[in-house]
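Engineer: Listed here are the chains, written in short residue letters.
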Amino acid sequence: GEDVEQSLFLSVREGDSSVINCTYTDSSSTYLYWYKQEPGAGLQLLTYIFSNMDMKQDQRLTVLLNKKDKHLSLRIADTQTGDSAIYFCAELSYNTDKLIFGTGTRLQVFP
Amino acid sequence: EAGVVQSPRYKIIEKKQPVAFWCNPISGHNTLYWYRQNLGQGPELLIRYENEEAVDDSQLPKDRFSAERLKGVDSTLKIQPAELGDSAVYLCASSLNTEAFFGQGTRLTVV
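Here the protein sequences come in this chain order: A and B.
One point on numbering: in our numbering, the residue at position 8 of the first sequence is 8, and numbering is uninterrupted.
Numbers given in our numbering equal positions in the second sequence, counted from 1, plus 1000.
Source of the hints: derived by calculation from the structure; they are not laboratory data.
Yeah, the Cβ is synthetic: ideal placement off N, Cα and C, and Gly gets one too.
It is possible that some hints are incorrect.
Here are the computed distance ranges between Cβ atoms for each label pair [claimed, not checked]:
(1) A:Gln57 to B:Val1111: 45 to 51 Å
(2) B:Pro1061 to A:Gln80: 36 to 42 Å
(3) B:Ala1020 to A:Ala41: 20 to 26 Å
(4) B:Val1005 to A:Lys67: 33 to 39 Å
(5) B:Glu1050 to A:Arg13: 43 to 49 Å
Take these sequences, add in the hints, and give me the full structure.
Structural biologist: Okay, here's the thing in structure tokens:
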């Protein structure tokens, strides 16, 4: 079956880099996504990567994909207090065509 | 361009009462999703539509939940009767290809 796991919490100092990790089990994943959710808000799509890519960079965001280990990470450079939120990893399964979410990582940025 | 619009934002009802949520997807998006997000967890898919056809409703509790997307545009999700355990945020999302965009959600509290 499909399962997506993330660590629950991450705390970083403003200006440092944050790295949020995700592991998944579905080997048929086609796309992998990172969403951001602020309190009381819906999910905001940050970036996504196709499964045949290793890396994608978009301004302060860098996504790394290790398909062999089924490991996805999101690096946020120069983390700001406005980056404090819950970050969800999600994978789109080729077999089921379902978008499966992890439990989310709460990022806290302190001054 | 307007994003995914959901209403109401908040709903408080007594158990055993009916409730309905409405979603207007982004114009032109043929795929529409309803997700449920329990507190501290990631979203879980309830139902997915391709145009007006429900192509995946395997996670929808059909004894009390129903959904429709009659003209392949906006959609309603209904719960009748509601139970205490239905308290959650109900998220609607739409997509055209690989990117799914979410609405702000409806927070349901059943008392």
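Engineer: Would you mind marking each hint as holding or not holding in the structure?
Structural biologist: Hints and how they fare:
In this structure the hint that A:Gln57 and B:Val1111 lie 45 to 51 Å apart at CB holds, the actual value being about 47 Å. At roughly 41 Å, the beta-carbon separation of B:Pro1061 and A:Gln80 lies within the given 36 to 42 Å, and the hint holds. Between B:Ala1020 and A:Ala41 the Cβ separation comes to about 22 Å, which falls inside the hinted range of 20 to 26 Å. As the Cβ distance of B:Val1005 to A:Lys67 is approximately 36 Å, the hint placing it in 33 to 39 Å holds.
For the hinted restraint 43 to 49 Å between B:Glu1050 and A:Arg13, the CB-CB distance of approximately 46 Å keeps it satisfied.
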